[in-house]
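Kindly produce the complete structure, drawing on both the sequences and the hints.
As a plain string of letters, each chain reads:
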Amino acid sequence: MLKDVEPEPEPEPGVVEASVCQRVLKTLLLCTGDMEHLVKFMKDKFIVLQLVVCCLRGVSRVTLANNPLSGAFILAALYWASPWQGLLGTLGVLVSTLTAVILGQDSGEISGGLHGFNGMLVSLLIGEFSSADDWYWWLLLPVCFGSATCVFLYSGLSSVLDRWGLPASVFPFNIVIVLYLLCSGSENPYFPQHPAKPPGGLDSNGTKLVITEVMRGIPLGVGQIFACAALGPSLLILAAILLYSPLLAYHALLGSAVGTLAGLSMAVRHGSLYSGLMGFNGALGCMAVGGLFFTFSWRTHLFAIASAFLSAYGDIALSNLLGTVGLPACSWAATLTATLMLLLTGSLAAYRIPIGQVMAPEHNLLFRSRWEAQNAAEKENANISLQGVHTNSKSIASEP
Amino acid sequence: MLKDVEPEPEPEPGVVEASVCQRVLKTLLLCTGDMEHLVKFMKDKFIVLQLVVCCLRGVSRVTLANNPLSGAFILAALYWASPWQGLLGTLGVLVSTLTAVILGQDSGEISGGLHGFNGMLVSLLIGEFSSADDWYWWLLLPVCFGSATCVFLYSGLSSVLDRWGLPASVFPFNIVIVLYLLCSGSENPYFPQHPAKPPGGLDSNGTKLVITEVMRGIPLGVGQIFACAALGPSLLILAAILLYSPLLAYHALLGSAVGTLAGLSMAVRHGSLYSGLMGFNGALGCMAVGGLFFTFSWRTHLFAIASAFLSAYGDIALSNLLGTVGLPACSWAATLTATLMLLLTGSLAAYRIPIGQVMAPEHNLLFRSRWEAQNAAEKENANISLQGVHTNSKSIASEP
Amino acid sequence: MLKDVEPEPEPEPGVVEASVCQRVLKTLLLCTGDMEHLVKFMKDKFIVLQLVVCCLRGVSRVTLANNPLSGAFILAALYWASPWQGLLGTLGVLVSTLTAVILGQDSGEISGGLHGFNGMLVSLLIGEFSSADDWYWWLLLPVCFGSATCVFLYSGLSSVLDRWGLPASVFPFNIVIVLYLLCSGSENPYFPQHPAKPPGGLDSNGTKLVITEVMRGIPLGVGQIFACAALGPSLLILAAILLYSPLLAYHALLGSAVGTLAGLSMAVRHGSLYSGLMGFNGALGCMAVGGLFFTFSWRTHLFAIASAFLSAYGDIALSNLLGTVGLPACSWAATLTATLMLLLTGSLAAYRIPIGQVMAPEHNLLFRSRWEAQNAAEKENANISLQGVHTNSKSIASEP
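Protein chains in written order, with this note's numbering: chain A, 1 to 400; chain B, 1 to 400; chain C, 1 to 400.
Treat the hints with caution; some may be incorrect.
One copy or two, it doesn't matter: identical chains are merged, so the pair holds either way.
Pairs of lysine to any residue, SDA-like flavour, derived with a Cα cap of 20 angstroms [said to hold, decoys possible]:
1. LYS197 / MET42
2. LYS208 / TYR190
3. LYS208 / ASN188
4. LYS208 / LEU30
5. LYS197 / VAL325
6. LYS208 / PRO189
Bear in mind the hints are in silico, worked out from the structure with no lab data behind them.
In structure tokens form, the structure reads like this:
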């Protein structure tokens, strides 16, 4: 998409203004998608700068994006929502990326930010569930330990899941945060925390549902991917996704809306709907299938909606189950659903993009249509040459 | 077994009566086993008729059978026990089969009924655990959604389990029903349900065990495979299995008896024994190993009894565990045990029949003995020809 | 290491005394490590003697050792601590080994004791959690049944885990004991048991921590691998590990200390620290990585400490989770952690020893350094010959 923009030869004086516009647009376009050109650009740069870029990529990976600018916007949103949470998230992505370097993980994976996002999520949720005040410095201990553990899990799980061409995605985060919360328990004197509330069960005082609040929960669902429940930062996070890929941002909102609908159909607590907690699993499940791991088309679009519903209902189920021991369901449901979808056989499997070639949805779409056009052209050529051979052989046969 | 029955040439007048008897028997025999001849017969028939046959096969698949007539008998039994449950079951098998068609699953699998049985079981259990009255039409919503989800899980799990030559069997049903029950919870205003009771824990008022009731629980255990606790329909279901394969029916009863014995040894609630809930996991575990996935012999027979015990004890354990959060253990224990048995190495693995070639136990037995006889003959021939070669080579060597 | 000790030719009269010392040392050294020479020695011996040796190897396998003498010492320690527990353990290892023979498992695995240790652990823990008095003979029933089940699970799980070169290790024990405890429940009239206490939650009466008791918990942690909480037998068990491999014994103590430290950092109940229950998962996690499955070096040593921490924290988390339903976490945490470590990619994977070639840590170390020296020598040779070829080709090229 970006590679095709070739440098134009000497613009004429009359078209200068239009050219300026085009250049601005081009520069803007350079900041969207996977920013692959940055990879080459960064190769011989200072190591700290490389680390910053791969950490920012890691931050954006949480929303299935892969763009350092999106990562910067998301980090800004987190600092905006709560400086302490922003600090924890930064520390998490740093520690896990450095651990991956020390453990000698694949450098391509590290520079792609694949070892950062799990650590970041763990750190954010350790902070979120802590019942101590902000700036409780002892919390840095489990944050560092938890983030480092993610790298072990990511590497180990990748070895297992590779057999089916599956990504380890956020399984490490989900495992580590559940273990941390179980380990510290609710009455820990060093790391106190408040237990998660299951979404099931009616509100005691029969309050009425406020539609505007429910609508507000839809963009909040996108923010809740980072455990952020404020509207402004959530919208900034949505903008960061939009920068990476408009299609992904659309699916994020759509999935969050589907999740809210699923929550309404199961009569969950109103608080869960208002805070966006019902939406984020649907959003993740919808984003993974719609455009990212599967080429966008009307069939995969319906499929993405089905995936969002499965993720959302699965989340309610797991939240009710884990809520009985005071645990949150995190993004287990979306992760499991997306993994299931990638395993699917049948006609939808034809739309699947191999893990190694997954890029921004728009790129996938373009790449696919070109590739298909090429295939079709090749087939036609093959047919023509085959016909030629037939004609030749006929003429040879009929010659005398 | 059936293919060998060739049409006899012109019967003599004196043997006509015997011939009528034989013909009736032949027609009856055509209705037993896997009814493979029907597959060819149905190929160019009306599509709705094909759908009906593959749905009926799906119904019979629940009891590990693969016979549309058995399926029809079972469906009749369910309508007899409760028309509402029968309707839910029919809807479940239909919806999941159609979903498989839409998702472009393998047509051989669909026509074999492999995409129907999970959806049917989910529908039956959604109805069973609903605390609303019969004909509560809103229940059709989760029934349709749950049945459709089974196809996704069946396809995804098959991809994973294929690596070890394992079938997805009823894992999708077990996963979906547990998620549904968790999702709706016990106090849901739209889909109310009554929680499952764990079998452990003594009866409060020290009632005595009634032996006749316990004995009655054994055939009921076969009916409980379809969540049916009435004696008449249970016997009809047993008859349906008998029609498919007498060996399978024998193992069903044997397994149910073993399950009841296991329940007695662990002092479970009397109600669990009387209702047959203790028996159905044992029955399934016993049926899978005895004759179906392993060729019948005295060794595999002992093995089937061991499998029934493992399934039954596993069911008590899982029921106690899941009962703490009000969930039933469904057929998790039998499914896991059968899967474990299929993974076994050692001398028993020699009796295992590859998943693709599994048919009625009688057919497996016949096929195996023939195949072994053939192998033995071939070996003998090879030996003879080898001896011949030796003699020849000797004579050649000694020639001059 | 041992094979190299060649018989010396005719010692001179002056060196006889030194020679006696040497001979004693040699005989002692023959009793350490894997005692491979015994395998050949036992081949044509009486079958009962062979069974005894492979059972003793099975006993030592619990501590990741593979030495019949260590096994004998451990069994003696168990009889010392409690004759009833010793009897149960002996029965468990016997029953599961015999079951493996009946099921036709691989004879190499059986004689290596790989089918004994899970059964032994199950038997010991069935006895440990029973709230009936010692010598309650009915307990032999679940002991036999549970031990036999371990063989099924070991064989089945090995088939699955083989794909990633992973051992089934103590997964069967962990599964069977949890299922048994769930199956019998806490109020069972036939097999009464006392539920496990989760380590989390503060002690009611704010007692002070006794440092000496905590220090005493470290060697007790090694004994707790066999559910033995007495100091004397624990030290004897440690001595048995020392006999097999000093490196393994060092890691056992180190891991137990790390586990205690982890327990302190999470403010667990004092009882858990004093009894050594906090230490045994750390010990197992540390032993598996340090020297056994990975060649010993300073990098793998740090790695072993990380593994011990992960095992210990994982154990606290799982104990808190399973404690809510009265279940113990057994060695789930250490087993899962060790499995994860074996899956790890990156620079540490280079130190991994393939499962089939795992022996005593000292042997691994020696074998590795020799093997590496050999490789280096080969490379040098290759380089020299390559240079020779170069020179030759140059001379040939320059010849005329």
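These are the hints, each one checked on the structure:
1. For a Cα distance limit of 20 angstroms, the shortest separation of LYS197 from MET42 qualifies neither inside one copy, at 45 angstroms, nor across copies, at 55 angstroms.
2. Taking the shortest Cα distances, LYS208 and TYR190 sit within 20 angstroms of each other only across copies (16 angstroms), while inside one copy they are farther apart (40 angstroms).
3. Taking the shortest Cα distances, LYS208 and ASN188 sit within 20 angstroms of each other only across copies (17 angstroms), while inside one copy they are farther apart (37 angstroms).
4. When the C-alpha separation of LYS208 and LEU30 is checked against a cutoff of 20 angstroms, the pair qualifies neither within a copy, at 48 angstroms, nor between copies, at 63 angstroms.
5. Both within a single protomer and between protomers do LYS197 and VAL325 lie at most 20 angstroms apart by alpha-carbon distance, with minima of 10 angstroms and 15 angstroms respectively.
6. Taking CA atoms no more than 20 angstroms apart as the test, LYS208 paired with PRO189 passes between copies only; the shortest distance there is 15 angstroms, against 39 angstroms inside one copy.
Checked against the numbered hints above, the structure breaks hints 1, 4 and satisfies the rest.
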